[in-house]
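*Asks:* Residue-level listing of the chains:
There are 2 protein chains.
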Amino acid sequence: MNFDRNIYLTNIDLSDAKEKMLKKFAVQLQEPKTEVLAVDDTLGRITYKSVFAKISSPYFNASAMDGIAVTSKRTFGADERNSITLRINQDFVYIDTGDVIKNPFDSVIMIEDVVYVDEERVKINKASSPWQHIRPIGEDIVASELIVPSYHEISPFDIASLLCGGITEIEVLKKPLIAILPTGTEIIEAEDKIEEGKIIDSNSRMFIAMTKQIGAKANRYKPIVDDYELIKQRILEATKNNDIVVVIAGTSAGREDYISSIIKELGEVIVHGIAIKPGKPAIIGVINEKPIIGVPGYPVSAYIVFKQIVEPLISEYLRAKEQKREVVEAILSRRLVSSLKHLEFVRMKLGSVSGKLIATPLSRGAGVTMSLVKADGVAIIDKNIEGIEAGETVKIELLKDIDMINNSIVSIGSHDVIMDVIASLVTEQDKQYSLSSAHVGSLGGIMAMKRGETHIAPIHLLDEKTGVYNISYINKYLKKQNISIIKGVKREQGLMVEKGNPKNIKGLSDLGNDDVVFVNRQKGSGTRILLDYKMKELGLDSANVVGYEREMTTHMMVASAVLSGSADVGLGIKSASTAMGLEFISIGEEEYDFAIDDKFLKEERIKIFIDVLKSNTFADELKKLEGYSIENAGKINKY
Amino acid sequence: MNFDRNIYLTNIDLSDAKEKMLKKFAVQLQEPKTEVLAVDDTLGRITYKSVFAKISSPYFNASAMDGIAVTSKRTFGADERNSITLRINQDFVYIDTGDVIKNPFDSVIMIEDVVYVDEERVKINKASSPWQHIRPIGEDIVASELIVPSYHEISPFDIASLLCGGITEIEVLKKPLIAILPTGTEIIEAEDKIEEGKIIDSNSRMFIAMTKQIGAKANRYKPIVDDYELIKQRILEATKNNDIVVVIAGTSAGREDYISSIIKELGEVIVHGIAIKPGKPAIIGVINEKPIIGVPGYPVSAYIVFKQIVEPLISEYLRAKEQKREVVEAILSRRLVSSLKHLEFVRMKLGSVSGKLIATPLSRGAGVTMSLVKADGVAIIDKNIEGIEAGETVKIELLKDIDMINNSIVSIGSHDVIMDVIASLVTEQDKQYSLSSAHVGSLGGIMAMKRGETHIAPIHLLDEKTGVYNISYINKYLKKQNISIIKGVKREQGLMVEKGNPKNIKGLSDLGNDDVVFVNRQKGSGTRILLDYKMKELGLDSANVVGYEREMTTHMMVASAVLSGSADVGLGIKSASTAMGLEFISIGEEEYDFAIDDKFLKEERIKIFIDVLKSNTFADELKKLEGYSIENAGKINKY
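Chains as they are written, first to last, in numbering that gives the first Met the number 0: chain A, 0 to 638; chain B, 0 to 638.
Calculated from the structure, these hints are not laboratory results. Certain hints may be false.
Since the list can't tell identical chains apart, any single copy or any two copies may satisfy a pair.
[Unchecked claim] Computed list of lysine-lysine pairs in BS3-like fashion (alpha-carbon distance at most 27 Å, straight line):
(1) K430 <-> K173
(2) K122 <-> K53
(3) K613 <-> K22
(4) K263 <-> K211
(5) K355 <-> K320
(6) K320 <-> K430
(7) K399 <-> K48
(8) K535 <-> K197
(9) K449 <-> K101
(10) K478 <-> K634
(11) K239 <-> K221
(12) K173 <-> K323
(13) K48 <-> K340
(14) K192 <-> K613
(15) K197 <-> K475
(16) K289 <-> K489
(17) K48 <-> K606
(18) K637 <-> K101
(19) K216 <-> K173
(20) K216 <-> K17
(21) K502 <-> K601
(22) K399 <-> K320
(23) K382 <-> K239
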């Protein structure tokens, strides 16, 4: 073991890094690779040169109407008083829309203006001017006319026009081939059996999807172990057969972070370390005149670096504009502390409450892919900004459709697995609505309701004095608002322990045992309030509970800690315990309800939420979980 | 021949037609078809049910840092004055980010905070709290947690999270299969040889692209002739094997418009005739419980009906929101007369001039596919609106990217094929810029400049008195503005006649011959002004010129009329004559320049336009065409 790690990366600005990159590859980008494709296969592709029509459309003088073709001179003088009689095949022929107008005919009379006399003859009451109701050759496209310019993205109607102009093949920019190289001894394929110490390769498959989405071609290599020579050979091979090489992981400065050394050995490192967060340990290099991008292994970092570095580079190859997302302004719901030294990408949950768009920051862990899944948008916080205060406006790049965000029911408060069930049922009932939950604990929900940031706040708050749930907290914290409670469910709370209960835990008093490691919930959660209440009742001092300081934010994470053995016991709901296959020691039933400001009760989305709570489907779904009972779910109690 | 055509279609509102349709197919839409796919293949697909994690991620307690794993208790008491020495394998192990934290270790110290002593020992100067720098099991995803809800469109990071959650396959909505049936005796395939009376089938291939774009699957049938029984059999077959059937053409009320009768025979016609323009003769029907949509054959009508009727229906099958386009407000550049009885879709050219977005209506012919290719957006004009005045604001659904529109050089004025050449060169020079030309003749360009609707106006206007081009017109019409002229090209004007010159035309005086049919340009075009000037010189009366009233708007359309034999001669530029393989009788050289308001000269896009005119590439391209010479191209002359 030695300590000679290169822990000093540069901290170059993202825009400078991109500029350096594009300058370096200006030559590669000058003369694009192209291919000739059947027009049918060119949807979304980019033209190389301008395309000109080979033939005119229409290709002949065509009738624009159903009617008769005539010689205009023959009709002169016809009017309401002096009709002219025309003889078939001599003075006129019947034609339909699209039929050829042949010599000597030079005009069309609509069938509605023709008076039928007999099989042989018709009468007209109006003169017909030359070329009337005739689509002349080339009315749409004239041979040799420009149809689509160079570097133009082909649309469905471009395809139609090209075909009409006699073009069946065109030259388009070749999709650049992007090599995707996952590395890491711990990496396994999603199809393999997971075991301790192993990590499923998700980054490379996310990159395949991102590559497809932007219009390039992905060439994924199998994951390889952290072996300098192996990775070197793989990179060398990839730079020969692809247009851009993306290597995942090993880009930082750890013992097995070989990528920068390999690039130095085979070519040149242009940038190592970019002032972005997450994503700092990114590398931009060149080998065999091919760009090689080193992307950090943490999934969110990987996403940001691909989006900010690899996608703009691919766009250059495709001569496409960088795909920009819609930007909205939203009001920040809580203070956001930011990094002074980095441009920071903060995933945000958005909700439209009382006509205002409210943004709440999500987990900032670089390893939390769910923060991207749950995010509605990303706030990009400039460096040199220390933080942004709650109530200030932030600009947010949207990841989801703004209509969907505007139609979503915002729920901030306590966590329960039934929130996922309700979310599914809401969308199934009306696909334009959705339920978007943030889990900050019951008291957090009450505070969000006070600040007007949420429609509903799921809570289960026990009043120590009265033993009654929820009402006293509303009276205390939300007395200035008109609040109702929508009845939710009753659920069992209890201790979750490993199967077989190896520490023989009987109840809460056992938390004081020296050999018992507890895992706690965060302050402000209803479960924590319940715990502290019960501990006080028992006269149990928190200083004597090992693990009391370790806080988790959901029931599932507590259950998970117990399952993994990092704790012996946690307090939580039965459904979470059952879901994780744990043993459950019940300590009682509590009421999990939804506080709501009355002004939202008339909104359609809230009506649907209440309908779902009242539905039989919801009752059926609860039966599949364990530890719930319902009584008056969906009933509104005013306070 | 008989007259019993069903010429009476209904005129139901589009919204009512859609409502009727969706109501009719509510049953078909209730229980969607699904399929199970590998997660990798689900980008952009819609989930059926909610998907929950099978395993936690991380799957084990993992180090979040490079450093050493320790037992937190062993570190208590360490501080700057009292360092604690730890022994390898006994008190600590070296670990990298992602490594498993195994019992008894419960804490990680960053390598930066570790003091190396020797191979066996390190020192620490700070206590380490339990679970510090450890990513607990399930930090990202806890087993059984919701990853994506039902009816959710899969994104690249959804794929990553699903894989991390141990999901390798999910159930998604099956892409509905859309049968596309082109009909018409005159229809040929794009690959076939075109001949008089034939029309290339472009609609069905446009529909394939539109179907793909929206996320469904196209099943195109070969075109069939207008034979009642044949079409009936084809439709019957298609309704059995597809989810939605789209029949092209034959939907109106002509002699061979069989579709409504066939649907009546096999099933039910729900709607025939919708109050939209273009697109009125659309049919919505049902056969074998499958929706069948009859789409008119004119390409623009076909596009509108597919977009407005078929796409929303497909969206319902996909449980996707109807794809809405971005809407902008623009100032109408000229009066728009609208249909009182129909909702009208008017293709619009947009340009950003002096910070205002200006909209100019394009050709409204239902057969002009190029009006879609050239359009930047579509204005949807409500029925019961007679017209909209110039200067009023209209809402426009964008077909192209607004940034592209904002960066486009707007040119309104005379037509010349070199405008296409310049357009290509501008984009090649800087892909964010483009040149967008509208051809309204030289005087039309001057008027657009006066109204502030264009950056440049290509003109070639001869002053009859002085014989000097362009300047006198600017002095006359644009005296209130500061106008410069950017020198363009000199080009030859002359008479275009069929190869071999069968009517033996020697010069303009021959236009007076009785057996010579002329084709003219529109009033206000420079070529028309030249013609009228020359005719006056010759004392030739327009009443004696056959075809003087027939006006075309471009040189290419004049050439096309001569080539097709519908005229014997036209006046135009040599490059157009050569492009169409005609014989050319020169009558002289003229100056084709660009008027510009000085305030635009400092704009980057105009600088690029001028650079292109001055470039060698432009000079080279001109040499490939015939009839041009340059001298000082790109030079700015102030007036």
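*Asks:* Confirm or reject each hint.
*Replies:* Now the hints, each set against the structure:
1. K430 <-> K173: between (38 Å within a copy, 17 Å between copies)
2. K122 <-> K53: neither (41 Å within a copy, 80 Å between copies)
3. K613 <-> K22: between (62 Å within a copy, 26 Å between copies)
4. K263 <-> K211: neither (30 Å within a copy, 44 Å between copies)
5. K355 <-> K320: between (32 Å within a copy, 23 Å between copies)
6. K320 <-> K430: Answer is between: at 8 Å across copies they meet the 27 Å cutoff, but 32 Å inside does not.
7. K399 <-> K48: between (35 Å within a copy, 19 Å between copies)
8. K535 <-> K197: neither (43 Å within a copy, 91 Å between copies)
9. K449 <-> K101: neither (80 Å within a copy, 44 Å between copies)
10. K478 <-> K634: within (21 Å within a copy, 75 Å between copies)
11. K239 <-> K221: This pair counts as within: shortest intra-copy Cα distance 17 Å, inter-copy 43 Å.
12. K173 <-> K323: Result: close within a single copy only, 22 Å intra versus 30 Å inter.
13. K48 <-> K340: Result: close neither inside a copy nor across copies, 44 Å intra and 43 Å inter.
14. K192 <-> K613: For K192 and K613, neither the intra-copy (42 Å) nor the inter-copy (66 Å) Cα distance is at most 27 Å.
15. K197 <-> K475: Close neither inside one copy (49 Å) nor across copies (81 Å); limit 27 Å.
16. K289 <-> K489: So K289 and K489 fail the 27 Å test inside a copy (62 Å) and across (46 Å) alike.
17. K48 <-> K606: The answer is between: 23 Å across copies meets 27 Å, while 56 Å in one copy does not.
18. K637 <-> K101: neither (82 Å within a copy, 52 Å between copies)
19. K216 <-> K173: For K216 and K173, the Cα distance is within 27 Å both inside one copy (9 Å) and across copies (24 Å).
20. K216 <-> K17: Within one copy, since 22 Å is at most 27 Å while 39 Å is not.
21. K502 <-> K601: neither (52 Å within a copy, 81 Å between copies)
22. K399 <-> K320: both (20 Å within a copy, 12 Å between copies)
23. K382 <-> K239: Classified as neither; 38 Å inside a copy, 61 Å across copies.
Hints 2, 4, 8, 9, 13, 14, 15, 16, 18, 21, 23 from the list above are not met by this structure, while the remaining hints are.
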